[in-house]
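Protein sequence lines correspond, in order, to chains A and B.
Following my numbering, the residues of the first sequence are numbered contiguously, the last one being 319.
Following my numbering, the residues of the second sequence are numbered contiguously, the last one being 437.
Misleading hints may appear alongside valid ones.
[Said to hold, decoys possible] Cut-off 25 Å, straight-line C-alpha distance, at most; resulting in silico cross-link-like pairs (SDA-like, lysine to any residue): (1) Lys285(B) x Gly141(A); (2) Lys260(B) x Ala233(A); (3) Lys260(B) x Arg235(A); (4) Lys140(A) x Asp349(B); (5) Lys168(A) x Val297(B); (6) Lys285(B) x Trp355(B); (7) Lys260(B) x Asp249(A); (8) Lys285(B) x Val147(A); (9) Lys140(A) x Ser263(B); (10) Lys140(A) x Gly422(B); (11) Lys257(B) x Ala144(A).
[As the list claims (entries may be wrong)] Partner residues aside, some chain A positions facing chain B, computed with beta carbon under 8 Å: (12) Pro231; (13) Ala232; (14) Met268; (15) Gly275; (16) Asp279; (17) Asp295.
Bear in mind the hints are in silico, worked out from the structure with no lab data behind them.
No residue lacks a Cβ here, since even glycine has one placed at the ideal position from N, Cα and C.
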Amino acid sequence: MPQAEGRRRERWRPPRGRHGLPPEVVARSQRERLLEATIRAVAAKGYGATTVADLTREAGISRTTFYAMFDDKEACFLAAYDNAVDVLVRQIAAAYEAEESWPERVRAGLAALLEAFAAEPELGRLALVDVGAAGPAAQRRHRAALQRLTPLFDEGRDFVPGGRGLPANTSRMAIGAVAGLISDELAAGRAEQLPDLLSDVLFATLVPYIGPEAAAREVGETSR
Amino acid sequence: MATESRRDLILAAMIRVVGSKGYKATSVADVIEEAGASRTTFYKHFADKHDCFLAAYDMLVEQVFSEVVANCDGNQPWLERMQRGLSRIVELFALDPELARTAVVEVAAAGADARQRHWDAVARFTEFLEGGRELADGRELPENISLMSAGAVSGLIFDELLAGRAAELPALFPDLLFAMLVPYIGPRAAADEMRRAAAAR
Numbered sequence: 096m097p098q099a100e101g102r103r104r105e106r107w108r109p110p111r112g113r114h115g116l117p118p119e120v121v122a123r124s125q126r127e128r129l130l131e132a133t134i135r136a137v138a139a140k141g142y143g144a145t146t147v148a149d150l151t152r153e154a155g156i157s158r159t160t161f162y163a164m165f166d167d168k169e170a171c172f173l174a175a176y177d178n179a180v181d182v183l184v185r186q187i188a189a190a191y192e193a194e195e196s197w198p199e200r201v202r203a204g205l206a207a208l209l210e211a212f213a214a215e216p217e218l219g220r221l222a223l224v225d226v227g228a229a230g231p232a233a234q235r236r237h238r239a240a241l242q243r244l245t246p247l248f249d250e251g252r253d254f255v256p257g258g259r260g261l262p263a264n265t266s267r268m269a270i271g272a273v274a275g276l277i278s279d280e281l282a283a284g285r286a287e288q289l290p291d292l293l294s295d296v297l298f299a300t301l302v303p304y305i306g307p308e309a310a311a312r313e314v315g316e317t318s319r
Numbered sequence: 237m238a239t240e241s242r243r244d245l246i247l248a249a250m251i252r253v254v255g256s257k258g259y260k261a262t263s264v265a266d267v268i269e270e271a272g273a274s275r276t277t278f279y280k281h282f283a284d285k286h287d288c289f290l291a292a293y294d295m296l297v298e299q300v301f302s303e304v305v306a307n308c309d310g311n312q313p314w315l316e317r318m319q320r321g322l323s324r325i326v327e328l329f330a331l332d333p334e335l336a337r338t339a340v341v342e343v344a345a346a347g348a349d350a351r352q353r354h355w356d357a358v359a360r361f362t363e364f365l366e367g368g369r370e371l372a373d374g375r376e377l378p379e380n381i382s383l384m385s386a387g388a389v390s391g392l393i394f395d396e397l398l399a400g401r402a403a404e405l406p407a408l409f410p411d412l413l414f415a416m417l418v419p420y421i422g423p424r425a426a427a428d429e430m431r432r433a434a435a436a437r
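Isolated chain B, as found in the complex:
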């Protein structure tokens, strides 16, 4: 087997094991067992558990990011793009609760550099939200409005994942949509979108 794909197998195993056991309780032994790799292979690619986790986290972010981008089309209006992007994240998290827990909950336990990666990832997603300013018709919106929008959405998702309800995330989608849109378009229009999304389910 090519070493490249062996490395990827270990990274994928790290995401699964951390998602189910938690970062602190995860050992290198757990990860190599899950990956079907040897200790030698592990240490050929990574200095330690933390080093491997950071690489796994980078891979995870790239995966989610490319899935979200693939589900959006730059020609669609902002509102539709945001709706499709958010719905893709919710689907991915519901399908793979371990990935979701690693991405959102466990990353907080993996040290300051892991948390920094989490923030950087959130910042990448908030850039998409910036387009919502166009809807403000020249009204002055706070500089960090996209961070408010992302914070509201990720807080709700965090609570669901912490409670082990990843599978129920799609049912929460209309609320998440409201949370994401409301700083830009206000409660009335956001509630319309929310009801439309609920009816479409």
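Same shape as in the complex, but just chain A:
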């Protein structure tokens, strides 16, 4: 446990020894620390090479504490993943809802997503790359997480005349295109440059609804 002391720790930790904090406060803080440590460790080593020992060391908790919270590495990874996705989806939804017209809303939501990934490249790697390595349960979680964004995209159906006649899968196509573009940048180690990708991901999202000409026009107008 003491070896974690030398590392940078911005998050508040309960004082050691007798501190009289209620046990649930200590447990919550340990859990949050562990989930954040999981994201960092998996991003640094890859899911396969990461061990429970890496996670407990990075989080500064004991093995006993780890196993009191999770059965194994996979369960801990899935919890870290769900946690990260929840935060991300909330950020995207908040940015989306702050705007009026659908293309503006999509632009704001995508910008929030790209900025979150650029600010925390580990998050992007976790959400789009490492999750594929963590087995079928994680992959299903990953697809389900992407589907949580479909309502945002599907408002495009009401935005365009005849939009109701588009294939039922249109939002999944847009999401696939966006995920492909972002994964490609992450795979090339260009997480910091992700915000530059906004025009392209916006085009990719709008194009199945409004076509290439109108999408290019919207990209030009909204990129200001």
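Using the hints, position chain B against chain A.
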């Protein structure tokens, strides 16, 4: 038996076993049992499971690629070529769900170099899509439009395979076609192609 074909048998077995059990759960023992080969033969050709998987993946990509190319004719218009190429991929995946799962889903679990091979394979297919720019009549299309098109198609295919619905992929073909074409020709024309493909089934 010639060693060359024994190696190929092991590679084919690797693709099948990974497609049915998943990459992580697959052992060298599973692969040699499926191939009817000895452990000695396996280690004569490959350093370990990972090494064998990468070779198997390369073989798989070459197979799918040559099937797709054989189904297209350079003299056909772009739209027809793309339609025929995509339809061949869908057929191959539906006929061989294990190959499909290995190609699209399990490769993600096989490490960074395997994922790189997957990206390289997708990039090879996207080169075919580049011809779609001609349909833009001088309109400015994003530089990576082919990646958008491929991403949309592979996302839909990924979901079907993950859910174990490889056999139903042909029913999804009209939607896949729409996804592939729409960045180039827009929703109206892509929906026409989609309806035509659905009617032809």
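Evaluation of the provided hints:
1. Of the supplied pair hints, the one linking lysine 285(B) and glycine 141(A) holds, its CA atoms being roughly 18 Å apart against a limit of 25 Å.
2. A hinted pair counts as satisfied when its Cα atoms are at most 25 Å apart, and lysine 260(B) with alanine 233(A) qualifies at roughly 13 Å.
3. Restraint check: the Cα-Cα separation between lysine 260(B) and arginine 235(A) comes to about 16 Å, which is no more than 25 Å; the hinted pair holds.
4. Taking the CA atoms of lysine 140(A) and aspartate 349(B), the gap is near 14 Å; set against the 25 Å cutoff, the hint holds.
5. For the hint linking lysine 168(A) to valine 297(B), the alpha-carbon distance of about 32 Å lies beyond 25 Å, and the restraint is violated.
6. In summary, the hint linking lysine 285(B) to tryptophan 355(B) is supported, as the alpha carbons are separated by about 21 Å, within the 25 Å threshold.
7. Distance restraint check for lysine 260(B) and aspartate 249(A): the Cα-Cα separation of roughly 36 Å exceeds the 25 Å cut-off, and the hinted pair is therefore not satisfied.
8. Of the pairs offered as hints, the one joining lysine 285(B) and valine 147(A) holds, with about 24 Å between alpha carbons and a cut-off of 25 Å not exceeded.
9. Among the hinted pairs, lysine 140(A) with serine 263(B) is consistent with the structure: their alpha-carbon atoms are about 23 Å apart, no more than 25 Å.
10. Between lysine 140(A) and glycine 422(B) the CA atoms are separated by roughly 42 Å; this puts the pair beyond 25 Å, and the hint is violated.
11. Restraint check: the Cα-Cα separation between lysine 257(B) and alanine 144(A) comes to about 21 Å, which is no more than 25 Å; the hinted pair holds.
12. Here the hint on proline 231(A) is kept, as its CB sits about 6 Å from the closest CB of chain B, short of 8 Å.
13. Checking alanine 232(A) against chain B: minimum C-beta separation of about 11 Å lies over 8 Å; hint violated.
14. The criterion of a C-beta within 8 Å of any C-beta in chain B is met by methionine 268(A), whose closest approach is roughly 4 Å, and the hint holds.
15. Hint status for glycine 275(A): holds, given a least beta-carbon distance of 2 Å to chain B, under 8 Å.
16. Look at aspartate 279(A): its Cβ gets to within about 6 Å of chain B, closer than 8 Å, so that hint holds up.
17. Nearest Cβ of chain B to the Cβ of aspartate 295(A): about 5 Å, under the 8 Å cut. The hint holds.
Hint violations for this structure: numbers 5, 7, 10, 13, all remaining hints satisfied.
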